[in-house]
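Asks: Chains as they are written, first to last, in the numbering used here: chain X, 1 to 326; chain Z, 1 to 318.
Worth flagging that the hints you see were computed from the coordinates, not collected in a lab. Among the hints, erroneous ones may be present.
[Said to hold, decoys possible] Every beta carbon over 10 Å from chain X, so not counted as near; a handful from chain Z, in silico:
| hint | residue |
| --- | --- |
| 1 | M1 |
| 2 | T128 |
| 3 | F203 |
| 4 | Y216 |
| 5 | K223 |
| 6 | G224 |
| 7 | L225 |
| 8 | A248 |
| 9 | A293 |
| 10 | L302 |
| 11 | L311 |
[Stated by the list, open to error] In silico DSS-like cross-links for lysine-lysine, where the CA-CA straight-line distance does not exceed 30 Å:
| hint | chain 1 | residue 1 | chain 2 | residue 2 |
| --- | --- | --- | --- | --- |
| 12 | X | K33 | X | K269 |
| 13 | X | K8 | X | K33 |
| 14 | X | K8 | X | K306 |
| 15 | X | K81 | Z | K233 |
| 16 | Z | K127 | Z | K280 |
| 17 | X | K85 | X | K128 |
| 18 | Z | K127 | X | K81 |
| 19 | X | K85 | Z | K233 |
| 20 | X | K128 | Z | K127 |
| 21 | Z | K127 | X | K124 |
| 22 | X | K85 | X | K33 |
Note that beta-carbon positions come from the ideal geometry of N, C-alpha and C, so glycine has one too.
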Amino acid sequence: MTFLLDVKGLNVRFRTEFGLVHAVNEVSFSVSKGETLAVVGESGSGKSVTALALMRLLDRTALIDGEASFEGVNLFTMSEKEMQKIRGARIGMIFQDPMTALNPVFTVGDQIAEVVLIHRDCTKQEAKTRAIEMMGLVGIPDSRRRVDQYPHEFSGGMRQRAMIAMAIANSPSLLIADEPTTALDVTVQAQVMEVIRSVQESIGLTVMLITHDLGLVAGFADRIQVMYAGQLVETAERDRIFYETRNPYTRALLDSIPSQLGVPGTELKTIGGNPPSLLSPPPGCLFQPRCVHATEDCRMTRPELKSVGQNHLSRCLRSSDLGVLR
Amino acid sequence: MLTYVIRRVLSTIPLLIGAMYLVHVGVSATSDPLASLRLCLPRCQEGYDRVVEIYELDRSIWVRPFAWFGDAIRGDFGKSEALGEPVGNVLLERGLNTAMMAIPAFLISALLAVLLSVYSARRQYSKTDYVLTGFSFLGLALPTFFVGLVLQVFWGVWFPQWTGMKPFYTGSMRTGSVLELLQSITLPVLTLVIVSVAAESRFGRANMLEIISSDYVRTARAKGLSESRVIWKHALRNAMIPLVTLWALDFAALLSGSVITETIFSWPGLGPAFVIALTKPDLDLVMGITILAAVIAIVFNLIADLLYGWLDPRIRFD
């Protein structure tokens, strides 16, 4: 089986005045054509940095190594010029905050048409027609009129739709959605996810969805990979993650989802403590100080990512004796 | 849009009148055109009476501005005692001389400020950025007269043979050749450029840095735009919005006459005329130059506001 995107041994470190911050450590994963991969983790777990590294959008303080083969080419070794032909054409990306992700001084239509114009050999008029068509596809009503409006005349949900229209205007094969609904109202979140899903079906898009919201992932992802402190800690088919959880961190994340059926008055579950410093990571398991299953051994030995089932990997020393965590 | 402009212009009229009134009262209160005449009083009673009549010195200083207003509305700004010419002529001639220096100085400094701020922001903390930052702080710290004098001594006195530049303006505006004009205008223009570019590029760099790290610039990069298109199209237009204010203030100040630079280089502009008018004091000339400066300031503020609307669609004038 060939993968659309195959990442091997990705490391991202940031040079800071205090030393190197290891934001992403030895992350390897692959995405097959047409599937939806969700990358889940708390703030600072390295999920957004992974995505930005793939797009080579990190600033000069970032040191990236590893290999990322996309449609047969390595994203990390190509020149910046070649990379510009991939961005916006083969890989589209949408971001967390649609309120600030659009340039306030150009019309929404111009911004969508621009991405068409620079990647295709077409006239301005054709690009604008394509922009209107895309805006219709993502469910922006009255797109013929709204194409000439500015971002401040759009609501948050409409702006995120415009971002999606921009990201898919050149029918890319991969869409990276970096927390696409975090800044939106709950009702709008569902609409935006619905737009992504319908676009995915209509143009056969592969989606890499980055989020911290497991509830969102439950109805959307084919496969889930959980990150903690810059490492992959568990990856499996969606249902295995939810019902055959093997990693204590994943379990703790699942337990923190507020239940709508919970007994009134019970406290919400949280994960105590803080993630470790990525400047000088402690020896042993990085989650160990916050883990309810931690033993003496966990403090000394850094666990490896091990197979615990069909296409199911988990990073835990005790995965065999803990079994399925509930 | 047109209504907005008309409303803006009309709303400045009371402001202008208020400012004129205060300047007139202030100058009248602090000066006494009769001081020297009073010393020889019995002998020159006739002259004394004439001066009192011309300047209406028998009336209170609070009502004297109204007579000046009456004449000014009819286009008569009075006669400059110090220069022996009607104030209208002085303003026109000296205003043009000042503009001759102010316009190139402004255009060069605005262009340089944009280029330097883009360069510094894109290569933040590089060696060149540090050097540029150092020079701009130097430019901010050094007083204009010092910059002017250094240029004058270096290019005009020590090494005039290198470029043939003149430390002072000597010839007449009308008769001199273009080369002569360039030789005498280069150093004062350079002085003004150094002083204004220092402030503008600091400000521009700070804006540009903030915008380069903004989300929409990242979006532009994620679209696959080339770096130059990201900077010159998506970032620059946003970075210009706050710079426009500074430019409007700077250009208005330059056009109203740069007192120090023009004086140092003996440039026959509004600046030295204002100094002469104040030291005399020559009330009509002070009033004339003040009103010109006020009008220029108002016009440029209006231009800046209109440019905002053009640059930033969130600001509308409907």
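Asks: State the violated hints by number, sorted upward, taking the hints as numbered earlier in the document.
Replies: Violated hints (numbers, rising): 4, 5, 6, 7, 11, 12, 16, 20, 21; every other hint is consistent with the structure.
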